[in-house]
Amino acid sequence: MNRETPSRRQRRSDREAVVIDTISEAMRRLGWMVPRTEAEVLEAEAQLPEAPVGLPDALRDPEAAWTAGDAAARIIRLETDPDIEATLARAAREGRTIGPEIERTMRADRLAAEREQDDGTGAPTDTP
Amino acid sequence: MTTNERVAPNQLGVHVERAKGADRQLAEETDADLLVYMSLADDEPEAAKAAWEVFYRRHVEYLYAVCLRAYGPLVGGAPGVGDIVADAFRRAYQHAGTFAVDPGADIERSRLRVRAWLGRIAHRLVQSMLRRQGKCPSRFLPPEMWSNVPERQAATPDSDAVRAVRDAMETLSEKEQLVLRTTFQWYQAGRAHQRLPNDVAADLAETLQTTPENLRQIRRRALKKIEAILRDHEVVRGRRSEQR
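Sequences listed follow chains Z and Y, in order.
If you count by the working numbering, then the first sequence holds residues 1 to 128, one letter each, in order.
If you count by the working numbering, then the second sequence holds residues 1001 to 1244, one letter each, in order.
Chain Y on its own, in the form it takes in the complex (with noise of 0.2 Å):
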């Protein structure tokens, strides 16, 4: 900032009004402008920081609405998910020069790219937080936290099978639940075995306050009473051994 009590009164506005100036002009750069300024960090300091503030403004709401949906239940609500939000945006200021820009790519598929590349931060800011709480002070939530988290809005589930799963979770325990969610965070589509790693189920575990094999059986119990459900409801058969 700069620091205002040196610049006499009369030319104070004209810094504000060149401020307002250059914002505006920010206002108008694509997303991968603004990431390259921010990548020259070093050498801009200001602009830099004024291109993040830019590029804060235009995501931010977004970030917040989808990691508050994805992640609250996780993480203890709205303030565990801002700390997600803030972290993920100072994480993408510091990486700026990472961020593969397409030069091809017009305004609306470079807004996609990047909303995406900082869901990916964001998901990997969870995992670590979700692993790393026997590292760092930990606070504990009461389980009103878990209830305070705001309603999920509402995704209009478009298939059988989404609507099957999401009654199917409704009939877990919280804890089966939380199971399920936090594991899942380490989905990998396409891979044949979703085994959790054994570090990452320790990790887990301690999260949870749990063992690593109570924290699997916990997880096969509630994948079983799903699948049991699912079934019912003909959501799934034995696809992957019709295939083979």
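For reference, chain Z alone in the conformation it holds in the complex (with noise of 0.2 Å):
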């Protein structure tokens, strides 16, 4: 059995650590971390377009945000269909891929199959 030499461990650890650095900072750049620092919230404020986001109706008032339930009591559960999973799976085995525009038509044709099959209309449900 192939053993990974010290040597060796330690140039796969640095080639790891400077991909992870130079993600993590490609991360910041793009947005993707929320500024901590004030050289952070500044680069920020340069990035964020002249025309506002646009406020959801729970934010508007202070009001509301000052009343509303805590966030950590609407954990997000995020779930993917495992029946799109094993596919995806066996095309990997198989060595093939399958890109991402195409898993997430997947996935929305999917949902929508479930859609017609809860309501028989194919209308948009409420998020539960």
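Treat the hints with care, since some could be wrong.
Stated by the list, open to error - Quick list of the computed label-pair ranges, beta carbon to beta carbon:
hint, chain 1, residue 1, chain 2, residue 2, range
1, Y, 1160, Z, 13, 18 to 26 Å
2, Y, 1199, Z, 13, 18 to 26 Å
3, Z, 60, Y, 1214, 35 to 43 Å
4, Y, 1199, Z, 3, 41 to 49 Å
5, Z, 46, Y, 1098, 37 to 45 Å
6, Y, 1033, Z, 43, 50 to 58 Å
Hints were generated in silico from the structure; no laboratory data involved.
From a predicted model like this one, the values you see are computed outputs, not experimental measurements.
Glycine included, every Cβ here is placed at the ideal spot set by N, Cα and C.
Since each chain sits alone in its own frame, please combine them into the complex, following the hints.
Structure follows, in structure tokens:
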């Protein structure tokens, strides 16, 4: 059995560290990490569009924000479809790749089919 | 709120005008002073609340915009981000006394410091949300909520590395993107080893409906894919080993 030598492990670790640092910095510059230092805030302010994003109704009134429930009480569980995941895994085993766009279409089609089955209309339903 | 039913109609207008005057005065206060007002909530609750409302209006659009961009895909879009922002401002009120006021800071610097502080509060809230799903009532979000997240405001990439990472992320599956964007909320700059603590990995695995080992494998696989693309773009080399 091939064992990773310490020096090889160190080189792999160094390589991974460089990649992680690069990704983190890129995520910050892309706005995928919330600014947490003064410099980052300054940079983010420069990137934000001149026209405001538009606050949702729940945030327009300070009183509503004041009395809103605890954010932690609305934990989101991000579900994935096991059938779709199995298809993706099978494709990977067979050496095929399914691009993100196709994956999104698969999920959207599955969701539309489930809605039709649930209420027969295919119309969007409220998020639970 | 004042009990208006006890106030005679001709006096109500006076109260409203006084309130408007107080708001105008507070609107001219610095963030540092508003936080001082908030920290005196025990003694002056009405003034503290009024100061908080001014503080809120001043920063809510900024915080919402940056949180939507950073956390939208992780917390279910605008509704989840709205919860985080509201909670962040309430926590700012509760912990106003802990904000380290810099007496030498001008208004501009003070604004940056306050917004950085709000960002750190929001960041901790998101970390808590991502970890605590097993301990709080949860709701399922179908994948359509992911696709309904508003497009990120186009931040102009300013380097090859940023462009390469963005392009590389788009080649990943949704799960891989989600795992990376989630686990990177625990990234600590300058730290040699970025391994997720076991308890964090366990909680995140539950949130993402997988096992800790699978979570690490997905992350490792995603990082390898990105590394390969970054190397193709000649963005990364063995920088750290070169420094040794």
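Broken hints, by number: Violated: hints 4, 5 and 6.
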